[in-house]
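Going down the list, the sequences are from chains C and L. Going letter by letter, the first sequence gives residues 244 to 652 in the working numbering. Going letter by letter, the second sequence gives residues 244 to 652 in the working numbering.
Treat the hints with care, as some may be off.
Which copy? The list can't say, so a pair holds if one copy fits it or any two copies do.
[What the hints assert, rightly or not] Derived pair list, reagent style SDA-like, types lysine to any residue, alpha-carbon separation capped at 20 Å:
id, residue 1, residue 2
1, K631, N588
2, K406, G377
3, K271, N588
4, K318, H308
5, K493, N312
6, K639, R547
7, K324, D524
8, K406, P355
These are calculated hints, taken from the structure and not from any lab test.
Protein chains: 2
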Amino acid sequence: MLNISTRGRQMPASPIRKLVPYAEAAKKKGLKVYHLNIGQPDIETPPAILDAVRQADIKTLEYSHSAGNESYRRKLVQYYKSVGIDVRHDQILITTGGSEAIMFGFFTCLNPGDEVIIPEPFYANYNGFACAVGVNVVPITSNIETGFALPPIADFEKVITSKTKAIIICSPNNPTGYLYSREEMEALKLICIQHNLYLFSDEAYREFCYDGEYVSAMHLDGLDQHVVLMDTISKRYSACGARLGAFVTKNKEVYDAAMKFAQARLSPPGLAQIMGEAAVDLPASYFDAPKAEYLRRRNLLVQRLNAMPGVFCPNPGGAFYAIARLPIDDSDTFCQWLLEDFSYNNATVMLAPATGFYGTAGLGKNEVRLAYVLNLDALNAAMDCLEKALELYPGKVPGKKLTVADTAK
Amino acid sequence: MLNISTRGRQMPASPIRKLVPYAEAAKKKGLKVYHLNIGQPDIETPPAILDAVRQADIKTLEYSHSAGNESYRRKLVQYYKSVGIDVRHDQILITTGGSEAIMFGFFTCLNPGDEVIIPEPFYANYNGFACAVGVNVVPITSNIETGFALPPIADFEKVITSKTKAIIICSPNNPTGYLYSREEMEALKLICIQHNLYLFSDEAYREFCYDGEYVSAMHLDGLDQHVVLMDTISKRYSACGARLGAFVTKNKEVYDAAMKFAQARLSPPGLAQIMGEAAVDLPASYFDAPKAEYLRRRNLLVQRLNAMPGVFCPNPGGAFYAIARLPIDDSDTFCQWLLEDFSYNNATVMLAPATGFYGTAGLGKNEVRLAYVLNLDALNAAMDCLEKALELYPGKVPGKKLTVADTAK
Chain C
244 MLNISTRGRQ
254 MPASPIRKLV
264 PYAEAAKKKG
274 LKVYHLNIGQ
284 PDIETPPAIL
294 DAVRQADIKT
304 LEYSHSAGNE
314 SYRRKLVQYY
324 KSVGIDVRHD
334 QILITTGGSE
344 AIMFGFFTCL
354 NPGDEVIIPE
364 PFYANYNGFA
374 CAVGVNVVPI
384 TSNIETGFAL
394 PPIADFEKVI
404 TSKTKAIIIC
414 SPNNPTGYLY
424 SREEMEALKL
434 ICIQHNLYLF
444 SDEAYREFCY
454 DGEYVSAMHL
464 DGLDQHVVLM
474 DTISKRYSAC
484 GARLGAFVTK
494 NKEVYDAAMK
504 FAQARLSPPG
514 LAQIMGEAAV
524 DLPASYFDAP
534 KAEYLRRRNL
544 LVQRLNAMPG
554 VFCPNPGGAF
564 YAIARLPIDD
574 SDTFCQWLLE
584 DFSYNNATVM
594 LAPATGFYGT
604 AGLGKNEVRL
614 AYVLNLDALN
624 AAMDCLEKAL
634 ELYPGKVPGK
644 KLTVADTAK
Chain L
244 MLNISTRGRQ
254 MPASPIRKLV
264 PYAEAAKKKG
274 LKVYHLNIGQ
284 PDIETPPAIL
294 DAVRQADIKT
304 LEYSHSAGNE
314 SYRRKLVQYY
324 KSVGIDVRHD
334 QILITTGGSE
344 AIMFGFFTCL
354 NPGDEVIIPE
364 PFYANYNGFA
374 CAVGVNVVPI
384 TSNIETGFAL
394 PPIADFEKVI
404 TSKTKAIIIC
414 SPNNPTGYLY
424 SREEMEALKL
434 ICIQHNLYLF
444 SDEAYREFCY
454 DGEYVSAMHL
464 DGLDQHVVLM
474 DTISKRYSAC
484 GARLGAFVTK
494 NKEVYDAAMK
504 FAQARLSPPG
514 LAQIMGEAAV
524 DLPASYFDAP
534 KAEYLRRRNL
544 LVQRLNAMPG
554 VFCPNPGGAF
564 YAIARLPIDD
574 SDTFCQWLLE
584 DFSYNNATVM
594 LAPATGFYGT
604 AGLGKNEVRL
614 AYVLNLDALN
624 AAMDCLEKAL
634 ELYPGKVPGK
644 KLTVADTAK
């Protein structure tokens with residue numbers, strides 16, 4: 244009999260996308276579905292970068308250099324300089340989305356059976372890529388009570404073994420919105436140096452920091468050989484569909500090895516590279532409007548959530564996600580129920596159960612992730628739905644109430 | 244000490260791209276370099292499909308469905324019908340180039356340590372992807388004397404073990420240009436059924452068949468559960484830089500597992516999908532001109548090569564590659580010498596040493612791959628260079644002369 248592979252069986256389905264059939268059914272019933280389940284912003288892609296593609300004089304759309312067009316990589320050197328990162332164009336490898344940058348990191352730095360530590364809750368697809376390449380994810384838990392701050396160093400040291408090769412961080416964080424402080428980044432640096440670990444730093448949301456300073460892994464002195472920056476233009480310029488990212492490292496051996504994986508897949512997308520190159524020429528003020536808009540949304544979302552009985556949502560310092568604790572029995576059941584059995588004003592809301600963002604089984608059962616990627620009116624209407632749903636949901640349980648002030652501890 | 248991964252060390256450098264620094268140096272010296280080393284056609288990308296992107300009304304370039312836009316997949320159903328392949332849109336998964344389709348095939352069907360049989364010489368990147376995912380390539384040798392026909396069934400049976408999970412074929416073939424006959428395809432079918440193997444069929448060049456009928460793996464009755472079609476628009480529409488391909492299978496379990504890998508990387512490139520969708524509306528006559536042009540080039544190339552003393556080139560039935568046997572000691576040395584130490588009329592020619600296309604060490608040392616992706620004038624000039632080079636090359640050895648007629652045996 245023909246069998247699929249073990250990794251094909253073990254590969255987790257996307258927790259963000261697995262409820263899609265229920266959403267489609269809800270829409271077929273005529274319901275409006277507010278999508279807070281996925282980080283697909285409604286912000287316009289800057290017209291100038293789409294125009295750059297429209298106006299490009301292309302006769303034959305050829306393979307680019309496997310590392311991406313040199314002209315684009317040289318432009319990115321300018322961009323990184325503007326965010327305090329000093330790299331050369333031959334330390335940048337253009338990838339197909341941030342996804343491929345993560346994949347190249349795993350391929351290049353980890354053997355099958357090696358371990359990577361990730362503070363949980365974490366971006367669920369890290370798990371998927373790890374499964375694909377045979378790497379084991381070792382989660383260490385950050386808690387909603389502390390607003391998902393970096394777990395204590397002792398928690399890292401407890402799980403470090405001879406198999407541990409890397410730590411993955413994402414700041415500002417998806418799914419929590421937490422923004423690591425300089426002190427937390429310095430603590431990570433010490434762990435990496437002491438235990439000889441790579442630091443994979445996913446900085447997809449660096450432009451969206453609201454209550455604190457953005458600290459890149461590449462801002463840390465003395466960590467050059469350890470850091471692999473995983474980047475993307477998806478969120479920065481609201482261009483998720485472009486599939487354009489970057490793998491950046493000053494470790495030449497890592498770069499050269501990643502380049503061999505890049506050569507095997509020939510080149511990153513060509514039209515998207517035109518967009519990416521044009522984006523670097525956007526005025527610095529470009530980010531003001533989307534950032535202000537996300538901040539308004541965050542403030543509304545957090546205020547509305549914490550005003551609901553039994554609900555607690557720490558105030559996220561960046562990105563456009565928040566995790567809220569709800570007075571419910573099971574977030575998977577609840578999110579499905581929202582789509583299957585609930586409506587309010589002929590609408591419902593789609594959320595991501597937080598269970599999919601934890602590596603530790605059983606965690607996140609009373610938490611959901613909300614992406615504030617809709618405008619204020621839609622967000623208010625979505626919160627009206629959620630508020631009503633929490634009144635009606637049959638699996639309601641008494642919530643432990645925390646206040647935002649508690650998270651400052 | 245920080246170490247890169249074992250697969251990062253073992254990953255082969257691209258044999259097609261590894262001579263690039265020598266070509267760059269030659270150009271800096273002022274030489275014209277005729278690039279016959281890489282399958283990057285000079286044919287124009289159809290302006291209509293680039294116009295489709297230019298005219299698309301995009302406000303936010305969003306993630307597409309992880310399997311690709313449904314509208315594009317439904318269009319592809321029409322396209323496949325036009326080439327005699329009957330599939331549904333939910334059996335098509337849009338990928339980032341054919342490369343990702345190959346990767347998904349490995350991830351989904353093979354475990355680390357499993358074996359895949361590939362007739363050699365083969366597309367070198369199969370090796371790269373296999374290395375990345377821990378799969379072992381088992382080559383079986385096809386010979387220039389038979390024009391690279393499918394090796395006898397007995398050769399397959401000799402190497403099939405309990406670890407063997409799949410056969411990869413590419414017809415018309417890169418790098419040989421060989422086009423498998425219906426009899427050869429039927430023979431492959433029997434092996435796959437008898438030994439429970441997947442058949443990965445790379446059909447990137449199906450539009451370019453000159454001397455025979457195109458037979459898809461999907462034309463074979465009773466093999467539906469075994470076949471994974473790996474496809475791309477790169478060569479079909481001379482759109483290599485778009486990075487758009489497809490993974491097509493009627494095996495639902497394989498499709499569903501591949502879909503999980505597709506979800507992890509979110510979606511294929513968005514702008515390229517607009518191109519791909521528009522391409523299906525090109526008139527059927529679109530292929531007449533490029534096909535006729537490639538045929539003229541093939542005829543010129545094969546004629547010129549076989550007219551050179553000691554050179555033998557079988558007549559390839561499809562694609563736009565040929566492998567020639569040259570009277571040389573070492574094709575790697577020769578190809579580098581062409582770029583470093585030779586010029587004729589202020590020009591030289593870049594070829595791909597065939598060694599990189601063989602899995603068996605030592606094979607291909609007196610063979611090179613030529614991609615006939617340049618116009619007739621350039622091709623003639625490149626052949627002038629090669630002819631002269633073979634007179635001057637210090638590592639010249641007496642060649643065993645075969646004629647094209649011999650390959651009919």
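At most 20 Å between CA atoms: does that hold for K493 and N312 within a copy, between copies, both, or neither? Within one copy only: 19 Å inside a chain, 37 Å across chains, cut-off 20 Å.
Same-copy or cross-copy closeness of K324 to D524 [CA-CA at most 20 Å]: within (13 Å within a copy, 45 Å between copies)
Intra/inter-copy verdict for K639 and R547 if alpha-carbon distance must be at most 20 Å: Within one copy only: 19 Å inside a chain, 80 Å across chains, cut-off 20 Å.
Should K271 paired with N588 be assigned to within, between, both, or neither, using CA atoms and 20 Å as the limit? Within one copy only: 16 Å inside, 69 Å across.
Pop the pair K631 and N588 into one bin, within, between, both or neither, using alpha-carbon distances up to 20 Å. within (10 Å within a copy, 81 Å between copies)
Which holds for K406 with G377 at a C-alpha limit of 20 Å: within a copy, between copies, both or neither? Both, since 13 Å and 18 Å are each at most 20 Å.
Indicate which option fits the pair K318, H308 if close means a Cα-Cα distance not exceeding 20 Å: within, between, both or neither. Within one copy only: 15 Å inside a chain, 30 Å across chains, cut-off 20 Å.
With identical chains, the pair K406 and P355 could be close in the same copy or across copies; at 20 Å between alpha carbons, which is it: within, between, both, or neither? both (10 Å within a copy, 19 Å between copies)
Violated hints are absent here; each numbered hint is respected by the structure.
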